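Participant: Sequence:
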Amino acid sequence: MDNRIKFALYLKGWLFQGGDKAQLKKNSENVLIDEYASQMKGFIFCPECSANLFRSPEDKEFSSNGRAAYFAHSRGNKTDCGLRTKRAEGKKYLTEEEAKRAILNEELVIVEGFIKDKPIAPNKTSAEYDASQVEEIDGPTANVPIGRHKGEAFKLPSKFKTIRGICNNFDENITRYFYMPSGQHAIQLQDLLKNIEIVTDEDETPRIYYGKIIRSANAGKTPQNIRMTKLKYKNPGYADFYLKLTDEKQQEKGIDDNSTGRVVLMYGKITTSGAGLCIENIGWGEFALLPKKYERLLY
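So that you can map any letter, position 284 of the sequence shown is 290 in the numbering used here, and since no number is skipped, the others follow by simple counting.
What the hints contain is simulated information worked out from the structure, not anything from laboratory work.
Everything numeric in this text was worked out from a predicted model, so none of it was measured.
Here a beta-carbon is modelled for each residue, glycine too, at the ideal position from N, C-alpha and C.
Among the hints, a few may not be true.
The calculated lysine-lysine pairs, modelled on DSS-like cross-linking and capped at a C-alpha distance of 25 Å, are [said to hold, decoys possible]: (1) Lys255 / Lys98; (2) Lys255 / Lys92; (3) Lys156 / Lys124; (4) Lys92 / Lys122; (5) Lys18 / Lys106; (6) Lys165 / Lys47.
Here are the in silico distance ranges between beta carbons for each label pair [what the hints assert, rightly or not]: (7) Lys47 / Ile143: 42 to 50 Å; (8) Ile126 / Lys47: 50 to 58 Å; (9) Gln190 / Glu113: 12 to 20 Å; (10) Glu113 / Pro187: 16 to 24 Å; (11) Ala225 / Glu113: 17 to 25 Å; (12) Asn264 / Gly82: 25 to 33 Å; (13) Asn33 / Ile126: 36 to 44 Å; (14) Thr278 / Ser69: 27 to 35 Å; (15) Arg221 / Ser69: 49 to 57 Å; (16) Lys47 / Thr278: 49 to 57 Å; (17) Arg221 / Gly243: 56 to 64 Å; (18) Ile126 / Asp86: 39 to 47 Å.
Kindly generate the complete structure, drawing on both the sequences and the hints.
Facilitator: Below, the structure written as structure tokens:
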């Protein structure tokens with residue numbers, strides 16, 4: 007069984023009943039399953055709904071039936087939470103005001119698209135302007151069908167995002183709800199992410215994929231040549247899986263000859279390349295390395 011709760015929020019003395027959720031988010035410590043200690047009992051909380059959690063089993067790595075230890079919600083507090091049970095049709099909102107409030111509280115993100123081209127500041131030289139700091143740009147008002155009543159849509163502010171922006175503060179983003187381009191539902195990021203190791207064929211629908219780098223090398227002699235970044239993949243139908251993009255574009259995102267073992271996130275389509283599969287021709291804001299400290303949330 008997949009454990010939907012990747013980590014718990016620990017804050018000694020905080021109480022779910024009457025507690026300030028903003029204070030919990032600000033002051034708590036993220037605790038992974040194997041970082042839990044007995045003194046935390048009673049003070050670990052859900053990163054989505056803030057209700058009390060418990061570790062099962064509390065002091066062992068596996069239960070008597072062989073299941074790995076996991077976090078679960080305490081039965082005393084009933085909450086509408088996507089980490090209790092995966093929502094079949096995503097997160098729904100009763101009113102437009104409720105959806106806008108979720109956006110303001112950084113619980114919901116409406117994605118118009120991902121930034122294709124590297125941003126250029128009009129009044130600064132390239133040496134003065136650090137485009138890597140750009141994580142999102144305001145998009146148009148979007149008509150988003152996430153109302154609780156069938157077919158109901160709300161007019162909501164959207165963003166043009168970057169995968170790098172999603173990777174930064176990944177522990178917070180993984181439980182947020184994202185409405186993706188051409189999507190039908192607001193889905194938690196952890197349910198949008200797709201491990202390339204389970205990919206079985208081409209896919210024309212752009213998705214957010216992640217994979218572990220086996221090796222990376224420039225296939226030519228100049229920065230404009232393609233860098234072939236091989237990802238961990240084993241499938242009887244295909245020989246391999248590559249991220250293919252120019253050396254200079256990958257180097258800008260930190261992908262080089264020494265990137266073995268790192269995790270990369272990519273937004274794009276999967277196509278065939280020779281005897282294998284690949285993701286290629288993606289934009290400036292459509293891929294990024296995941297910071298090492300967050301890799302355990304995926305592997």
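Participant: Indicate, hint by hint, whether the structure satisfies it.
Facilitator: Structure-based check of each hint:
| no. | hint | result |
| --- | --- | --- |
| 1 | Lys255 / Lys98 | 38 Å, violated |
| 2 | Lys255 / Lys92 | 36 Å, violated |
| 3 | Lys156 / Lys124 | 39 Å, violated |
| 4 | Lys92 / Lys122 | 31 Å, violated |
| 5 | Lys18 / Lys106 | 31 Å, violated |
| 6 | Lys165 / Lys47 | 39 Å, violated |
| 7 | Lys47 / Ile143: 42 to 50 Å | 44 Å, holds |
| 8 | Ile126 / Lys47: 50 to 58 Å | 53 Å, holds |
| 9 | Gln190 / Glu113: 12 to 20 Å | 19 Å, holds |
| 10 | Glu113 / Pro187: 16 to 24 Å | 20 Å, holds |
| 11 | Ala225 / Glu113: 17 to 25 Å | 43 Å, violated |
| 12 | Asn264 / Gly82: 25 to 33 Å | 50 Å, violated |
| 13 | Asn33 / Ile126: 36 to 44 Å | 39 Å, holds |
| 14 | Thr278 / Ser69: 27 to 35 Å | 43 Å, violated |
| 15 | Arg221 / Ser69: 49 to 57 Å | 38 Å, violated |
| 16 | Lys47 / Thr278: 49 to 57 Å | 52 Å, holds |
| 17 | Arg221 / Gly243: 56 to 64 Å | 22 Å, violated |
| 18 | Ile126 / Asp86: 39 to 47 Å | 44 Å, holds |
This entry does not satisfy hints 1, 2, 3, 4, 5, 6, 11, 12, 14, 15 and 17, going by the numbered hints stated previously.
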